[in-house]
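When you get a sec, could you build the whole thing from the sequences and use the hints?
Residue numbers (the numbering used here): 1 to 188.
Think of the hints as simulated: they come from the structure by calculation, not from any bench. Take the hints with a grain of salt, since some may be wrong.
Computed Cβ-Cβ distance ranges for the label pairs, DEER-style [what the hints assert, rightly or not]:
# : residue 1 : residue 2 : range
1 : Arg-112   : Thr-180   : 25 to 33 Å
2 : Ala-41    : Thr-19    : 16 to 24 Å
3 : His-108   : Thr-19    : 38 to 46 Å
4 : Asp-172   : Thr-89    : 23 to 31 Å
Positions of the beta carbon are idealized from the N, C-alpha and C atoms, including for glycine.
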Amino acid sequence: MGLRGRTLFGSQGHTFFMTTSVVGHAKVFAAGDQYYDILLASLRYLLNEHAAALIAYVLMPSHVHLIMALPEGESISDLMRDFKKYTSTRIRQQLERDGQDSFLRILHHNARGRRKQVFKLWKDRFDDLVIESEKTLTVRVEYMHNNPVRAGLVSNPEDWKYSSARNYLRDDHTILPVTTDWAVGTRA
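Structural data, given as structure tokens:
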């Protein structure tokens, strides 16, 4: 199977569109705002730790879309590894505190056959695309922002609390800081 339309992991110094999904598309994050808060906290940390610029994001009940610009020397694979590792542990702990036994059973089932792994939240891989033009960036941002509308979660993109549509359309940067004045391949 080829990597048509994808870049090899480890690319550095580019703007990336990324998607990572929960195994089996279980809508784990819909169990409460506290699960989205874990994702947001991890993103805040990673933006600082990896000196990345967040251009757009949407956190859905079973997956996450991100557009980030990374400086030279920073790896998208390292960033996603850190994101998945931290959020997997914290979300499992939160599910345990909340008594979310059905989701815990799913995560336990997802880890069957894996040595030293008892729970599995995220799929092993993530999808990424290097964005090389403003047109591609615009198309991806619009796709992401309309994702909650297509899923029937809200009527308008800016109404979804966990989306950068609020940053772009309402100039609301209270949830996550987003670089809304961008140029492909550079950091504003």
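Now for the hints, and whether the structure bears them out:
Taking 25 to 33 Å as the suggested C-beta distance range, the pair Arg-112 and Thr-180 does not conform, at roughly 43 Å. Between Ala-41 and Thr-19, the C-beta spacing of about 20 Å keeps the proposed range 16 to 24 Å intact. Judged by the Cβ atoms, the range 38 to 46 Å given for His-108 and Thr-19 is violated: they are separated by roughly 24 Å. For the pair Asp-172 and Thr-89, the supplied restraint of 23 to 31 Å holds, since their beta-carbon distance comes to about 30 Å.
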